[in-house]
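For the sequence shown, the working numbering gives the first residue as 1, with consecutive numbering after it.
You may find that some hints are simply not true.
[What the hints assert, rightly or not] Below are the DSS-like pairs computed for lysine-lysine, each with C-alpha atoms no more than 27 Å apart in a straight line: (1) 201 - 81; (2) 102 - 2; (3) 160 - 102; (4) 153 - 142; (5) 218 - 237; (6) 102 - 148; (7) 160 - 142; (8) 102 - 238; (9) 178 - 248; (10) 81 - 51; (11) 153 - 81; (12) 218 - 238; (13) 2 - 178; (14) 81 - 142; (15) 178 - 81; (16) 148 - 218; (17) 160 - 178; (18) 102 - 178.
Hints were generated in silico from the structure; no laboratory data involved.
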Amino acid sequence: MKQVNLAVVMTCHNRRNTTLACLRALYQQTNNFDVYLTDDGSSDGTAQAIKAEYPDVHILQGNGNLFWVRGMHLAFGEAIKNEYDYYLWLNDDTFLEANAVKRLLQIHQNLTEQGYSDSIVVGSTKDPITGRATYGGAVKSKKWYSNKFEFLKPSSVIQKCDAMYGNCVLIPKTVVAKVGNVDTAFVHTLGDLDYALRARKLGCQIWVAPGYVGTCTKNSIRNSWVDTNLTILERLKKVLQIKAFPLKSWTIFCSRHSGSFWVFYWFLPYIRAIIGYKSLATSPTFSEDTNQTNS
């Protein structure tokens, strides 16, 4: 496999030990890379600990209100300025296997040889205890509503998908040239899904790598907007928060990706919050949990 220039793009907030563990696993990779990491206003000494152990990491400072999308936008934008061959999105709670990056790069180079250079390659993760799949690619539901996506479990072969979680995603420079950065119209959720859908509209493809690239614990729905142990009012408050479906971001997403009847789809998460998860077991996006937890 030919040598490439790779930038790893991350964001974090107040989970120093987790972030350091992620970096330790990352630096076990055999490939050379540069790391661009947004420390979104951590108060637990995250930035200082990273500088002490990994002085080459490019740390960008946030104010504590960037959350996942805008933290990634800051780091990704800085990396893009230096024109790398590839960019790897990596959640700081995702712990890679030693050969994960090499595998993802090889898959993309194989795709390029087959004429699919404008391809995003998604790495799937599993729970470190149960071994169950947690994050990775997603496919559009065959049900009647247009913007529901279902998790695509990895297999022994590469699979085409429609969207992705942003936990471990390899993006070549040709895709970045078309799609650009993550859109700051979003704050915490929806940014990775929006990026995937914009990429596909521009003629790019998304593929799920075979097997798993590492581990990541799935977020719990406890105390979230789909937790039926909460009152209706509590669920409504939570569904409007940054880590769920804030009005402005959700309106932009629906109007952009849900077709002529987007207003109808716009209501679905709020109706679901009222009815409750057990009563309405469908979702207008591809998970009932928030997809990142950096802030």
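Where does the structure disagree with the numbered hints, that is, which hint numbers, in rising order?
Numbers 6, 8, 11, 14, in rising order.
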